[in-house]
Every structure is written in C-alpha cells, then in structure tokens.
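Undergrad: Listed below, chain by chain, are the residues.
There are 2 protein chains.
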Amino acid sequence: MENAVLITIGDEILSGNTVDTNSNFIATELKNIGIKVLQIFTISDEIETIKETLKSAFEIGDLVITTGGLGPTRDDKTKKALAEFFDDEIALDDVTFEHLKSYMEKRGRSEILERNKEQAFVPTKSTVFQNHYGTAPCMMMEQNGQLSFSLPGVPYEVKPLVKDQIIPYLKNKFALHYICTRIVSVVGIPESVLADIIEDWELALPENLALSYLPIGTRVKLRLTASGDDESVLKQQLEEEIQKLFPLVGEHIIATTEDKIEKILGELLTERKLTISTAESCTGGELAKMITSNSGSSKYFLGGIIPYATEKKVEILKVSQKTVDEFTVVSEQVAQEMAKGCQQLFDTRISLSTTGVAGPGKGEDGKEIGTVFYTIRVNDQDKTFKLYMPHLDRHDFMHFVSQKIIQDLVSILVNIQ
Amino acid sequence: MENAVLITIGDEILSGNTVDTNSNFIATELKNIGIKVLQIFTISDEIETIKETLKSAFEIGDLVITTGGLGPTRDDKTKKALAEFFDDEIALDDVTFEHLKSYMEKRGRSEILERNKEQAFVPTKSTVFQNHYGTAPCMMMEQNGQLSFSLPGVPYEVKPLVKDQIIPYLKNKFALHYICTRIVSVVGIPESVLADIIEDWELALPENLALSYLPIGTRVKLRLTASGDDESVLKQQLEEEIQKLFPLVGEHIIATTEDKIEKILGELLTERKLTISTAESCTGGELAKMITSNSGSSKYFLGGIIPYATEKKVEILKVSQKTVDEFTVVSEQVAQEMAKGCQQLFDTRISLSTTGVAGPGKGEDGKEIGTVFYTIRVNDQDKTFKLYMPHLDRHDFMHFVSQKIIQDLVSILVNIQ
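If you read the protein sequences in the order shown, they are chains Z and L.
So in our numbering, the last spot in the first sequence is 444, and the numbers never skip.
So in our numbering, the last spot in the second sequence is 444, and the numbers never skip.
Bear in mind the hints are in silico, worked out from the structure with no lab data behind them.
Just so we're clear, the structure is a prediction, and the values are computed from it rather than from any experiment.
Treat each hint with caution, since some may be false.
Which copy is meant is left open, because identical chains are indistinguishable; a pair holds if it fits in one copy or across any two.
Result set (SDA-like, lysine to any residue): computed pairs, CA atoms no more than 20 Å apart in a straight line [stated by the list, open to error]:
#  : residue 1 : residue 2
1  : K300      : E338
2  : K413      : D374
3  : K300      : L440
4  : K200      : N30
5  : K413      : G135
6  : K290      : Q363
7  : K326      : E342
8  : K82       : L65
9  : K367      : E342
10 : K262      : H422
11 : K58       : G43
12 : K287      : D423
13 : K78       : L65
14 : K200      : D121
15 : K144      : F156
16 : K287      : V181
17 : K431      : P182
18 : K128      : E218
19 : K190      : T154
20 : K144      : I216
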C-alpha cells in the first residue's frame with residue numbers, strides 16, 4: 028500500500044463552481060503516513076464514467092479514494108457505480124440507519140425522510156465508516172488486495188472522516204515505510220539564478236532524496252523529500268543536506284522547518300516575544316486574517332484595524348488630513364502615518380499598514396489600479412515599499428500583497444537577529 | 028470545439044503542497060464561451076505519464092489545456108513530452124527569445140542566463156502566446172482538428188494568458204454555442220427536504236436544462252444550466268423556471284442572480300444605501316476580507332476592527348470590563364457590546380461582531396473550542412447567535428463563521444424588505 032489514486036466526482040468542480048480542496052487535504056494526510064498520490068482524476072457524476080475511472084485508477088495504484096457524489100439528491104450516482112464495479116448490490120445497513128436516525132434526532136429532524144433513509148443503503152460487501160458531521164457514510168470496499176474508500180464531497184465532512192478514521196485504519200492495517208519532507212524558503216533570488224547556484228548540490232543529493240521547486244509569490248520553496256525505512260535516518264539526511272545549502276545561499280534562506288509564511292512569522296515573534304498589529308486599507312482584513320490563521324497568534328497579534336473610509340484613517344489612526352490632501356490617500360506618506368497610528372492604538376512593537384487600489388473599480392485620486400504602498404514599522408524604525416500588480420484580480424491582489432508584507436517582515440526580522 | 032480536458036502537471040499538487048486553483052479558473056472561463064470541461068487529470072511531472080495522459084485526454088475531448096511543468100528548473104518535463112507526443116522537435120524561437128530578453132531587461136536582469144534561454148525553445152510546430160508576467164511561454168499545438176495549449180503553472184501567469192489570449196482566440200476561431208447558468212441560493216431548509224419539495228418541478232424541467240445541488244455551509248445553491256443556440260432564449264427559459272420556484276420555496280430564496288454571498292450582500296447594501304462595519308475577534312479579519320473582496324465594497328463598508336486582545340475590546344470598542352468579568356469574553360453579552368461599539372466607532376447603520384474560540388489551543392476562561400457568539404446589529408436592533416463547530420480546523424472555522432454571518436444578515440435584510 029504505497030501508492031494511491033484520488034477520484035473527485037462532481038460537476039461543480041468541472042464547471043469551475045467549486046475549488047477542489049479535498050484532494051489537497053487527503054494527499055497531505057496520505058503523505059504523512061508514507062502513501063504517495065500518483066494521480067487525481069476529476070470526473071463528472073455519471074455511472075459509466077465513474078466505473079471506467081475506478082478501473083483506470085486501480086491500474087495505477089492499490090488504494091483509491093473517491094470524494095463526492097454521495098448526497099441525498101438526484102445527481103449523485105457514486106454508490107450505484109461502486110456496487111456495479113464491485114459486482115455487488117445495495118441494501119439497507121441497520122447500523123448505518125441507526126446512526127443516521129440518531130444523527131438527525133440530535134439535530135431536531137427526527138422525521139426521517141425517505142430520501143435520507145436512502146443514505147443508509149450501502150453495497151453489501153462494504154465496510155462502513157460512520158459520518159459524524161453529515162448524513163452520507165463513508166464506504167470501504169476490498170478486493171484482491173486493493174482498497175477503495177468512498178467519501179461525501181463536503182470538506183467539513185471529509186476532513187474528520189480522513190483524519191480520525193481512514194488514516195488510523197490504514198496506519199494500523201499496513202506496515203508503511205516513511206516519507207519525510209522539509210521545506211526551505213528562499214527569498215530575494217529568482218528561481219533560475221537559485222537553480223544555477225545550487226545545481227552541484229542538487230546533483231549530489233543521495234538517491235532516496237528528491238528536490239522540487241515551488242515558487243510562491245516572490246519566494247521559492249525548495250521541497251526535499253526523503254523516503255526509506257528508518258525515520259530518524261531520513262530526518263538526519265535531510266538536516267545534513269539543508270546545512271550544505273547555507274554556504275551557498277544562506278543569506279536568502281528565511282526558514283528551513285516551517286512552510287507557511289504566517290507560521291514562520293509566528294515562530295519568530297513568539298521566540299523574540301514581539302507583538303504586532305495591522306492597519307489595512309486595500310487588503311481589507313486579509314493581512315490580519317493571515318496572521319491570525321496561525322494557531323497561537325493571540326500571543327503576539329494584539330489587534331488590527333481596517334479604516335476603509337479615508338475619514339476613518341484620520342479619525343482613528345490620526346493620519347493627518349494635510350498629508351492626505353497633499354499626497355493623496357494612496358501614498359508612501361499615508362502608509363507611514365497609518366503604521367505609526369496603528370502602533371500607538373494597539374501598543375505593539377511592530378505594526379504593518381497598507382493603502383492601495385485593489386480594483387477593478389477606479390481608485391480615488393486617479394491612482395492606478397494595482398498600486399499599493401505598505402509600511403513595516405519595527406520599534407521606531409519604518410520602511411515603506413511600493414508594489415504595482417495590475418494583472419492580479421481583486422482577491423489575488425489582497426492575498427499576494429498580504430503574503431509579500433509578511434515575507435518582507437520575516438526577512439527584516441531574520442536580518443536584525 | 029465543445030468539450031475540453033484539463034491536465035494539471037506537478038508533484039506539488041499530488042503531494043498536497045499546493046491547491047490547484049488553475050483548473051477552477053480555466054473551467055469557469057471555458058464555460059462562459061460554451062466549452063464544457065469533461066475531465067481533469069492531475070499527474071506527476073514525468074514524460075511518459077504526460078504523453079499517456081495527452082492520449083487519454085484527446086480521446087475524451089478535442090481541446091486539451093495543460094498547466095504546470097514549464098519552469099526553468101530541472102523538474103519540468105512538459106515541453107519534451109509535448110514535442111514527443113506531437114512527433115516534433117524543440118528549437119529556439121527568435122520571437123520568443125526577443126520577448127524573453129525584453130521581459131528580463133525590464134526587470135533589471137539583462138544577463139540572460141542559459142537556463143532562461145531554454146525557455147525560448149519551443150516545439151517547431153507550435154504557435155506561441157507570449158507570457159507577459161513570467162518567463163515560460165504558452166504553446167499551442169494543432170493536429171487533426173484537435174488543439175492543445177500548454178501553460179506554466181503559476182496562477183498569476185495563467186490567468187492573464189487564459190483571459191486575454193486563449194479565450195479570445197477560441198471565441199474567434201470557433202462558432203461556439205451557448206451555455207447559460209443561473210444560481211438560486213436557498214437558506215433555512217435542509218437539502219433533502221428541499222429536494223422533496225421541488226421534485227416535481229425538477230422532473231418537469233425542459234430537456235436542455237440541468238439542475239445541480241451545491242450545498243455550501245448552511246446554504247444550498249441550485250445551479251440551473253441551459254444549453255442551446257440562442258442566448259436570449261436560454262436566458263428566458265432560466266428566468267421562467269426560476270419564477271416557478273417561488274410558489275414552492277420562495278421564503279427561503281435569498282438570491283437568484285448572484286452566486287457569492289458577499290456579492291449578494293453587496294447588491295442589497297448598495298441598493299438600499301446601507302453602510303456596514305465589523306468588529307472581529309475569533310474570525311481575525313476574515314469577515315472584513317470577505318466583505319471587501321467584493322468590488323465596489325468601499326461604497327458601503329466603512330471599516331473594521333480586530334480587537335484581538337481583550338483589553339483592546341474594552342479600550343477601543345468600549346465593551347464594559349464588568350461585562351467581561353461577569354460573562355467572560357466569549358459571551359452573548361460581549362458580542363452585543365462589541366457590535367454596539369463598532370457601530371459607533373465607524374458610524375454605520377449595520378455592524379457585525381464575533382467573539383469565540385477558533386482553537387486548536389484552549390480558549391480563555393475555559394470556553395470550549397469551536398464556540399462563537401456573533402451579533403448582527405441593524406440600526407438600534409440587534410440579534411445574537413451562537414454556533415458550536417468543534418470539528419472545523421482553524422482556517423475553516425474562520426471561513427465558515429464569516430460566511431454564516433453574512434448569510435444570516437442577508438436573510439434578515441431580505442425579510443425586512
């Protein structure tokens with residue numbers, strides 16, 4: 028049981044209506060127990076397509092996990108396809124029905140509708156994993172040493188099913204070998220230049236280590252994956268290879284353990300007992316959200332403000348009206364004053380501010396769409412940056428800018444060690 | 028040219044390291060010009076796998092779009108696979124090289140590295156679409172009436188290539204028939220109950236109309252898709268069928284045109300000239316970010332505050348210390364006072380507040396993880412709700428709660444019409 032294939036079933040993914048986040052979650056969880064996802068099929072809700080894809084999937088890997096197509100409504104056909112593929116029939120499962128009844132009673136919907144009762148019908152050969160956060164159960168089928176799990180499509184239901192039931196089951200049933208991963212974050216150097224500098228190092232990597240480049244914004248993440256039987260040997264191998272990178276590009280490395288920039292920041296701030304606050308205009312809360320999405324952020328994030336209307340920047344953050352009049356609200360000067368006001372309002376060592384035009388509507392004062400000024404203030408020092416990203420849509424703009432600010436702050440903090 | 032297949036190439040997707048958002052974007056853009064995505068393959072960066080998948084893809088549809096595997100680094104093999112599959116060779120393309128040079132000069136990297144020069148090598152039979160936001164060009168191959176486009180994997184590069192070049196090209200080259208979609212948002216009614224109520228309506232839908240259920244949080248989105256030759260006929264058909272839903276479930280329908288809840292809110296607020304502000308604790312900026320991610324939100328969103336530390340709730344929002352001491356900071360009473368303080372701070376008609384424990388760390392005052400109180404204040408009326416979502420991880424919790432609040436506000440506004 029080393030290789031898995033995922034099948035995402037649902038027209039809502041193919042039509043672009045929904046982003047498939049389940050595959051990402053499942054792939055990560057499987058990787059942690061040494062199972063590699065070799066391929067993902069995203070297909071429509073049709074019995075023949077589902078059956079054909081199950082066939083293709085089992086030719087690639089011995090473990091197949093499907094998500095989607097198990098709801099109580101008319102467009103869900105996975106269960107039928109599953110029974111036909113495994114030459115089985117669907118019948119009412121008493122345990123599942125009891126679970127469903129008690130699930131619905133707890134939610135004050137004790138009249139079990141016929142349509143919901145259908146959800147307790149499963150292939151007779153299946154092993155059922157009960158769903159504690161929804162009405163569609165997870166069904167496992169086993170045949171000739173191959174395994175399939177069929178899950179509903181709702182991420183809130185998929186996550187606990189995978190984490191609490193499927194992963195422990197697989198871990199327990201198979202003796203799995205280990206995969207260890209480390210990610211090195213490199214900033215301030217283009218991917219191609221980096222690749223040139225570390226080429227010899229890459230070519231000399233041990234055979235059981237693999238390297239990938241993952242550019243994200245202006246950061247390049249180097250992912251090193253090691254596989255083998257002894258976890259502690261793998262960890263040591265990774266550490267040794269990463270140490271060899273420092274003489275080559277050490278000054279550009281901002282992290283070697285954590286992957287997410289908000290976690291990297293969180294570790295730095297916690298370690299150095301620093302506090303932070305944010306004053307956002309064009310990022311609209313995204314920056315604060317990124318910082319607070321790290322668990323434990325209440326230790327260092329004291330607060331944020333989004334003074335969207337210009338007069339709120341003046342009233343709450345004490346930005347001077349004169350500065351606004353003279354330089355416009357999207358300016359280096361306003362960003363600076365916002366950061367200063369923010370630092371005072373929340374009484375923090377560090378403060379971050381943004382002012383810009385996310386678009387697509389025209390900005391005030393004729394500033395071009397995609398322009399943003401941001402200030403990073405640490406103690407009584409500040410530094411203001413300008414970005415111009417006209418090709419990004421509103422959502423990506425807010426996200427890119429927030430990520431860049433956190434990344435720049437991390438670079439600054441790392442260098443004033 | 029009615030059907031397309033997408034191929035996402037890259038180990039970073041299969042390993043769970045990156046969420047594939049390109050497929051979603053491309054599928055949406057294709058849908059708008061009447062091209063349906065039939066399947067998405069997500070595969071690893073290996074020449075044989077890429078070639079086999081191109082074969083499978085062209086058996087399903089006449090248009091294949093690949094993303095990923097075109098970077099300047101060692102793990103990118105798409106170009107080779109492409110040339111081999113189309114029985115072609117790779118050679119330096121002068122126009123592409125000139126474009127690359129000027130692209131790099133503009134960014135102050137005029138020494139063209141050998142590795143970057145490689146990016147100007149393309150299959151000789153390909154038509155190149157230049158990339159204005161990165162170094163890897165998009166290559167189109169044409170054979171026996173079938174088309175493939177190969178794009179880089181970075182979303183910031185994919186979006187403009189698709190939107191500004193590929194879509195106009197396809198639109199121009201083929202006489203495409205139309206697909207129209209409308210989404211009806213239904214709240215306050217479980218999916219299975221809804222399905223029962225509208226069953227007869229669904230069965231009576233014209234043959235060229237298809238219905239899908241998309242549950243999202245506590246909302247069910249009904250997606251109606253119509254296909255045919257005359258756009259105005261399709262639009263009328265959709266409108267007629269949607270009108271028939273009102274006698275059945277009218278009081279649960281919150282929108283019939285917009286899809287995203289923040290857009291639905293934006294339209295309501297703009298139409299009624301209402302203003303809004305937010306005071307967030309456990310949602311950490313996500314609520315403000317959702318509201319401001321709607322273009323034009325500066326018309327109604329005046330500002331938000333994230334008083335993360337308890338003393339900031341007291342200082343800035345004038346929550347009484349007595350209330351905090353008596354009921355703890357995660358309480359109905361504090362949520363109410365936060366909303367009131369927020370309304371005053373930003374001088375808005377509507378204010379929203381959240382206080383809760385996102386986890387996974389233990390909450391202050393022993394409140395259980397996953398508990399949140401939120402207040403919706405409209406003029407001098409307020410309503411406070413409690414949610415308990417212990418099974419959600421931190422990120423999903425912040426998102427789910429924010430979405431639910433906006434949804435509840437929309438329901439309230441719709442009903443006080």
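Undergrad: If a hint holds in the structure, say so; if it does not, say that too.
TA: Taking the hints in turn, this is what the structure says about them:
{"no.": "1", "hint": "K300 - E338", "result": "between (34 Å within a copy, 19 Å between copies)"}
{"no.": "2", "hint": "K413 - D374", "result": "neither (25 Å within a copy, 31 Å between copies)"}
{"no.": "3", "hint": "K300 - L440", "result": "within (12 Å within a copy, 44 Å between copies)"}
{"no.": "4", "hint": "K200 - N30", "result": "within (15 Å within a copy, 42 Å between copies)"}
{"no.": "5", "hint": "K413 - G135", "result": "between (54 Å within a copy, 17 Å between copies)"}
{"no.": "6", "hint": "K290 - Q363", "result": "neither (26 Å within a copy, 32 Å between copies)"}
{"no.": "7", "hint": "K326 - E342", "result": "between (28 Å within a copy, 18 Å between copies)"}
{"no.": "8", "hint": "K82 - L65", "result": "both (15 Å within a copy, 18 Å between copies)"}
{"no.": "9", "hint": "K367 - E342", "result": "both (14 Å within a copy, 18 Å between copies)"}
{"no.": "10", "hint": "K262 - H422", "result": "neither (38 Å within a copy, 29 Å between copies)"}
{"no.": "11", "hint": "K58 - G43", "result": "between (27 Å within a copy, 8 Å between copies)"}
{"no.": "12", "hint": "K287 - D423", "result": "both (17 Å within a copy, 16 Å between copies)"}
{"no.": "13", "hint": "K78 - L65", "result": "both (19 Å within a copy, 15 Å between copies)"}
{"no.": "14", "hint": "K200 - D121", "result": "neither (26 Å within a copy, 57 Å between copies)"}
{"no.": "15", "hint": "K144 - F156", "result": "within (17 Å within a copy, 54 Å between copies)"}
{"no.": "16", "hint": "K287 - V181", "result": "between (25 Å within a copy, 17 Å between copies)"}
{"no.": "17", "hint": "K431 - P182", "result": "between (28 Å within a copy, 16 Å between copies)"}
{"no.": "18", "hint": "K128 - E218", "result": "between (56 Å within a copy, 16 Å between copies)"}
{"no.": "19", "hint": "K190 - T154", "result": "within (17 Å within a copy, 46 Å between copies)"}
{"no.": "20", "hint": "K144 - I216", "result": "between (58 Å within a copy, 18 Å between copies)"}
Hint check: violations occur at hints 2, 6, 10 and 14; the rest are consistent with the structure.
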